[in-house]
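Visitor: Chain residues, written in single-letter form:
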Amino acid sequence: MSFQPTFDASEIEDLLNGKRGGEHPSLMSVLEEVQARYRYLPQDALILISESMGVPLSQTYGVATFYNAFSLKPKGRHVINVCTGTACMVRGAKKVLERISDRLGIQPGETTEDGQFTLETVNCLGACALGPVVVADGAYSGEVTGAKANALLSKVMAEAKTV
Amino acid sequence: MVTLSINGQQVQGVDGSSILEVAREHGIEIPTLCYHEALEPYGGCRLCVVELKAPRGPRLVASCVYPAEEGAVVETDSEIVHRSRRMTAELLLGAAPNAKVIQALAARMGVEKPRVSLSDNNCILCGLCVRACREIVGANAISLVNRGFTKEVSPPFEIGSNACVGCTTCVFLCPTGAIKLEEVLANRSVHHWDSDFEAVACKICGDHYLAPELAVDVEKVLSEENA
Amino acid sequence: MTIVRTPEELENLKEKLVASSDPDRPRVSVCCGTGCRVLGSMDVIEAFRTELGSRGLGNEIGIVGTGCHGFCEKGPVVVLKPSGIFYQRVGVDDVAEIVSESLLNGAVIDRLIYVDPASGARVIYEEDVPFYQKQQRLVLDLNGDIDPTNIEDYIAFGGYYGLSKALHQMRPEKVVEEVTQSGLRGRGGAGFPAGLKWSLCREAKGDTKYIICNADEGDPGAYMDRSIMEGNPHRVLEGMIIGAYAIGAHEGYVYIRNEYPLAVENLRIAITQAEEYGLLGQNILGSGFDLSIHIRPGSGAFVCGEETALMASIEDRIGEPRPRPPYPAVSGLWGKPTNINNVETWANVPIVIDRGREAYSQIGTDQSTGTKIFSLVGNINNTGLVEVPMGATLSEIVYDIGGGIPAEKDCKAVQLGGPSGGCVPKEHFDVPIDYESLQELGAIMGSGGMVVCDEDTCMVELARFFMDFVQQESCGKCVPCRLGTRAMLDVLTGITRGLGQEGDIEYLEELGRQITASSLCGLGQTASNPVLSTIRHFRDEYEVHIRDGRCLAHVCKSLILYSIDAEKCTGCGRCLRKCPAEAISGAKKEPHVIDQDKCVKCGTCLELCKFDAVVVE
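Protein chains in written order, with this note's numbering: chain A, 219 to 381; chain B, -19 to 207; chain C, 3 to 619.
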């Protein structure tokens, strides 16, 4: 599932051409599409977008580093996201996060050295009834306990090995 | 013109002026860090807070961005103003303990030692350099990146920016000396940005003053004006 | 597809739709809100399609995939109409039986029935579920009935009638006045009167004006705005169109959180459909009024819930707030007069216009009219969305609707308004919920996040959690917020790690007061609330942490010890094998011991022990 396309200038150009028709071409929506496509914002893409849209690179870089949705580093093949919204927290998300963080040996926001796993947190997915919620490669798990987190990780790690 | 009261004194200011501008015109001192008369006001350092008693007061407002309104009643020296400034100075001292200007400011506010030590970085994020680079120089070589406590001033990707013209306006404006300039003959390095280039010498006085790219532009403009 | 050009045509379309749908026709309503989707409702709906198809009942029995019904705790939720039989936690395997037994034979399947945890009573029909009984569903009323991706469903229930009334029977000033007189206040947090806000923007000079829907629901623990957009996006659009007409705007934006993909999708569909039906775009309903609405995805920054930061973000800049004045009503998006309301506020507008100000203002209290939706989450039996009239009490919400606290634990407090709000301890649960009463208690209505904390919640850690959140979400522009929240976080972290000192509480209070008074925007001005309100109501917990080095809720790792009760331990070895720190030793069938130097306090042993032998203190 974790297919990561490599940066392709012509793709970005296509994206920009498609956007220019609008009255207010939006830098943010272009960046969001690039982020969705590559799962990070490649440096060359930012330079190309800035030049093409006539936005100073310093502004584009500022925007790219300000918002949570953007990442300047490539993510791991498997992304594990722990919801740390209030509802999940009072139901024990902190413990779950610590368990996963210890087992992977990385802090939230980091990627394992082998490029396999990225651990992230999110400020509420709105699935508060199911908290604590963990999303592993897009699949939601609810009512996660420390033990359930362990099992979930083992499963993801086993999948990682078979690929 | 608007008429307002500052510290009990009736003062007048031009329509559209800020409280700070009117106060300074009348010799009333308000401390600032992120304010510069040549730049758009920012309202970030909060040292210039004053007590606005009316209208809709009492409350603290940043005088550099708050308009002087007709009939406003302002106190620049009250206890709540001092308490706020003292806390701001203490926080700044906790974040930039080695910056001379912050040390002096804290001392003036009666802060000896910050209760929490936050970092040791001379940059206080007043944003003067960024605004000058954008508004005056027009180079947009640097910007504020990241956010919150990790916010910093940086050129894109934290590497020397092509957009930097080596004008050193940022160095000149930086109140804390966080941006360092090193000039060895024709070489100019703005350390904080990792900007390194050879400066071009002025044909008249011989001083090195500009990045070569910009020098070409200047010559072009001059020759067009002469023609 | 029909283009609706006049109020009469809208009425005719509605009548046609009502006439063509037989109210007695059996149909299945499956909740497809985010919560139920996570629990598998998309598979359930697919199973119904397959099952009904294979039995040749595809035409006789309808299936509606609706938005969030609100009772997320029990998802996937299925309601059979017209009988109203309510099934909870429905799985794919239950579908065939539901079709053969309930839909075809009218029988009730016992195991899918909801049992009220408070009384033990079995509840068959949706209307009898205690969770819904005490609610007054004004905004969420259609969420269980309509397919949010079909505009005709909304029209059949009287949708866009308020718009028609506004455009053809009311002058714009009259619309503003109606909203003002209704008493509608902003549902996003501060409770500013909506009508007054509109009139400021309407009266501002300028030909170009904008309206914005703030759908950047950032409070981590609130999801009512998402559910409104997912379940009934047309109501939000209708409110925006009425507002734009009243204010004189011809362009609008919905700034929506990108973490809400389903809401974005449903809103996109709704905009396209409204345009196709002539209810959005040029010459709306033949009135000559034009409005276009664009969607702007928010990229994850809590501060963008602040109006000026939100506008900066739409303008493609970093989400730094700017000082006010000038207010957005005078100089907003691209320097033009702009009116911003949040999703729930906009969704109330069609109701105000449709029912009239008098009917609307009779709901709720004098100062706070209408209803408010809360997301009731945390340590509560019935998690979900709760819509109650303003003035309802917390005890009604927590106990009557929410069914109380699980595992017979004691309730400690309710945290309201998320990172900008405060907590209300149990002693004050009889206070009516309105803007003013909550403020007096040091909490706020906020966006409506309502997190229930049981006795196992450490209030210091909760305060630290919110401060950590705010500190990460601060834009960093002004000193009090950037450095002050960090200082508060450092002190709070110290306290939860056993490093608290005398004077910490007073320092937190002083910092809190100064950050509130001196910060540039609403984020900083409210950032200290969670700390100040927990100190106000739970000062003793702070003191116990600092003075005695103990966390009575057993949450703060540094202040607790795990040990094994030798009397109860059977020496089964389960904890020994699973301890990640290899801190547990002991022979088989002999009591085990935890080596305190090695113990990382992860709690694995506590979770695993079947004999309650692991003790925390």
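There's no promise every hint is true.
Said to hold, decoys possible - Result set (SDA-like, lysine to any residue): computed pairs, CA atoms no more than 25 Å apart in a straight line:
1) C:Lys411 / C:Ser397
2) A:Lys366 / C:Met44
3) C:Lys559 / A:Glu338
4) A:Lys312 / C:Met44
5) A:Lys312 / C:Asp597
6) C:Lys207 / B:Ser(-3)
7) A:Lys291 / A:Ser319
These are calculated hints, taken from the structure and not from any lab test.
Visitor: Hint by hint, note whether the structure agrees.
Guide: Status of each hint after checking the structure:
With a C-alpha separation of about 15 Å, the suggested pair Lys411 of chain C and Ser397 of chain C falls inside the 25 Å cut-off, and the hint holds. Distance hint between Lys366 of chain A and Met44 of chain C is fulfilled; the C-alpha atoms sit about 24 Å from each other, no more than 25 Å. At most 25 Å may separate the alpha-carbon atoms for a hinted pair to count; Lys559 of chain C and Glu338 of chain A meet this at roughly 22 Å. The hinted pair formed by Lys312 of chain A and Met44 of chain C fails the criterion: a straight-line CA distance of about 30 Å is larger than 25 Å.
Distance hint between Lys312 of chain A and Asp597 of chain C is fulfilled; the C-alpha atoms sit about 23 Å from each other, no more than 25 Å. As the CA atoms of Lys207 of chain C and Ser(-3) of chain B are separated by approximately 21 Å, the hinted pair is consistent with the 25 Å bound. For the suggested pair Lys291 of chain A and Ser319 of chain A, the alpha carbons sit about 19 Å apart, so the restraint of at most 25 Å is met.
Against the hints set out earlier in the document, a violation occurs for number 4 only.
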